[in-house]
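Enquirer: Protein sequences appear in the order of chains A and B.
Residue numbers for the first sequence, in this note's numbering: 1 to 439.
Residue numbers for the second sequence, in this note's numbering: 1 to 398.
Simulated from the structure, these hints should not be mistaken for laboratory data.
Any given hint could be a false lead.
Claimed, not checked - Short, incomplete list of chain B residues facing chain A, as computed with Cβ under 10 Å:
no. : residue
1   : A42
2   : V53
3   : G56
4   : R343
5   : V367
As the list claims (entries may be wrong) - With a straight-line cut-off of 35 Å between C-alpha atoms, the simulated DSBU-like cross-links for lysine-lysine are:
no. : chain 1 : residue 1 : chain 2 : residue 2
6   : B       : K291      : A       : K108
7   : A       : K108      : B       : K286
8   : A       : K345      : A       : K388
Note that beta-carbon positions come from the ideal geometry of N, C-alpha and C, so glycine has one too.
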Amino acid sequence: MNFQPLSGIRVLDFTWNVAGPTATKVLAALGADVIKVEWPLRPDPGRAFSFSPVTPGVFDSGGFFADLNSGKRSFTVDPNTEAGREILEEIIARCNLVIESFSARVMKGWGLGWERLQELNESLVYVSVSGFGHTGPHASYVSYGPTAQAVSGVTAASGRPGREPAGWGYSYLDVMTGYQAAFASVAALRQQKETGSGARVDLSQLETGASLIGPLLMNADELEAQGEAFPPGNHAVERWGQAGYRYEVGAPYNVYPTAPQGEDDTDAFCAISVLTDAQWQMLAGLAAEHGHAAPDGLDTVRDRIERQAELDAWLSDWTREVEKFELADLLQSRGIPAAAMESGKDRIESDPSLAAREVFQATEHPFVGVHRMSSLPVLVDGRPLPAKASWPLLGRHTDEILAGVLGYDEGRITDLRRTGVTWPTGLPRADKPVEEVAA
Amino acid sequence: MSAYSELPLAGIRAIEIEHGVAHYAGKLLSDLGAEVIKAEPAGGSPSRAAEPVVAGRSVPFDYYNTGKRSVALELDSESGRAELRALISAADLVVDDLSDSELQELGLSDETLGSLRPGIVHLSVTPFGASGPWRERLGSDLVSLAGGGVTASTGYDSVDGEPGEPITPTGGHAAHFGGVLAATYAVAALLAPRTEGVLRLDVSVHDVIAVSTEIAVSLWEFGKQTVVRHTGRHAAADLHTPEWQFRCADGRYISAITLYMNNRRFAAIKEWFAEDGLAHDLEDEKFATDKGRVENMHEIVAVMRSFFGGHDSDWLFSEAQRRQLPWAKVQLPQDLVDDPQLRARDFFTSVALPDGRLQEIPGHAWVGLPTIFDVPEQRMRAPELGEDAEILAVQKRS
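The task is simple: from the sequences and hints, build the whole structure.
Expert: Right, dumping it as structure tokens:
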């Protein structure tokens, strides 16, 4: 039996880029009917990520976009027309949840502020996703993921002692705000089901980031005193007695250079975390078996942290001789926490656990082709959730939603299209045949 | 009590058994009103000792266990395991981060769980999942973040044509990745609960991180390219990209993203930089279009670096935002404690500890859904070990 607990839940999705679409990908994968609303003259900019400039399917050929938006339906309407706004209002009256990621003024500008939404549907859940939230002195501040990461503290919590912040190599807070929005959504949907009440959820990336370093904020004075010893690179802590924010203490604890996997591999590392004395004894024994006897006098975690620079150098001499997956296999076989530092390529091509658990699933997209798309990662009763081979090709589901959700007849649907309400007059559509798109 | 019953997850009872991975899922459930009971060994959960410990209290334990209940059980004895089974028989959900062998030792097979409470949800959050070749492997914060893919994308600029040093962010994020999706799955499952057997939700932290690094996987799958790390900005296929993190006059940093520098933003930058006499450096025709700016961004960045180096970070942040530029100061934890936006939105809540001291607890990603922090009569702080033993007595009576 397929796990689709949100089956019967309808979501009107105005979100763009990464954060909001991450939330609605989760909801769609759990069974919700997610209706992604756009106007083709100003579509989700995410459609342009890694798109093919070839004319056919120009809106629909982005691989990253396809992955992030699988399982949703695409609805096109011009919200700046009277007819368009009436259609949106009719859909809102028949939805469980509306989600958007605009700045605070956009929905109000369309006459669809929270007060109007409640008039249309008193049990509606309305989730907004923004950088700073819709209230407070910085509500008008503008941001992208990296901006929010900087202001919320997660950038500063990443780096090597004494160097500038390394930050995050991608928009962590786009992903995590999306996940937090999915969680808040299902919680509000439960309340809606139990009590019939609606909810207004105002999600900010600032608060997402700050909540993800909660203990650092609770101990900010101590961190200030640490100065440049914080953050500690890849170590658990930089020096003995320092408060660490991985919530575990040990050494060796780092990513170590390993033998390349091939001639063009210039980026091979293995993460190793020794968290107990027993793990240390095991590691020292293993390294000695391979001709790298450990330095003496390192029986306590305090000794090991005080001499971790020396330990890192010693361990690297051995790890450079071994390929990263092989090294992780060997260490884990002796009960030492370790993992190859995985690139995107490693995760797709070389990781036996991701393969066995079918985290990436070959799925056919009419324009992108057959590719390994990200599933929603969970095994339910031992089985992965199947990736949904349905895609929000721009405007592909407008007519079926007008008919199926709103009960419009053929003539009315044709009129809306002809008068430029549901598709811009004169704009060509993707020229793949519908049959092929539907396959 | 009436206010408590209005919390979104009121009425859900969860039993939590954790070693530092599943605690975040439990916190999310607890803060929205689920009754989360930590079933701890008689000596206490190991996470009670997680560093940093300040004035005898583990800071992460206090943060990740807000509002939870605690019972201490002699799990090595049959009587203790019987008490655990009694707790489970009255629960909707078991959330744990135990391996299958640890569950077997506690006598908690899925078959047992389903017979104790038909329809129960078993939410398992473990480093590598409960199936697959790595199911018995050990994790750590570093191992999960590096294995899952965060570290390969994060770190410093390349040196001499070779990828630069990889860095793994601190903050305990491995548990956050697994926990937030796990909590989402559990609440979704309880929207349409089963009436018999057990629903097993097996969440692997490794799997979640593997799909949570934006383009790193897609770039390989669709373009057969691998990302290279860059200091304070996104990893990219290119070895060199324009920087967007700059040192300010006060020694602090500003994150000034140079992507999406459209005509309006570029005009705002020129107008602002003119105050320091730097605008003429940006007047060249080659900067007049989006395409031209992208192609010549290294030159624009040189001007930005010079401008930022002459001003303090706080002023740069507020002035940039006044001009609708999506830039921000790289704030430290001590800045966040005084952040006017967080304060205006009541992000922090003071809770009373058992010894009478007050502790400021950071809040949530969202505003609007009521949490236990909004309900004065609710016990918000983390529980003392075994503090809620009366739950066991009630179980015995019923």
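Enquirer: Each hint: holds or not?
Expert: Hint-by-hint comparison with the structure:
1. A42: Status violated, d = 21 Å.
2. V53: holds, 9 Å
3. G56: violated, 14 Å
4. R343: holds, 9 Å
5. V367: Interface hint status for V367 (chain B): holds (4 Å vs cutoff 10 Å).
6. B:K291 with A:K108: Roughly 33 Å between the alpha carbons, so the hint for K291 (chain B) and K108 (chain A) holds.
7. A:K108 with B:K286: violated, 38 Å
8. A:K345 with A:K388: holds, 23 Å
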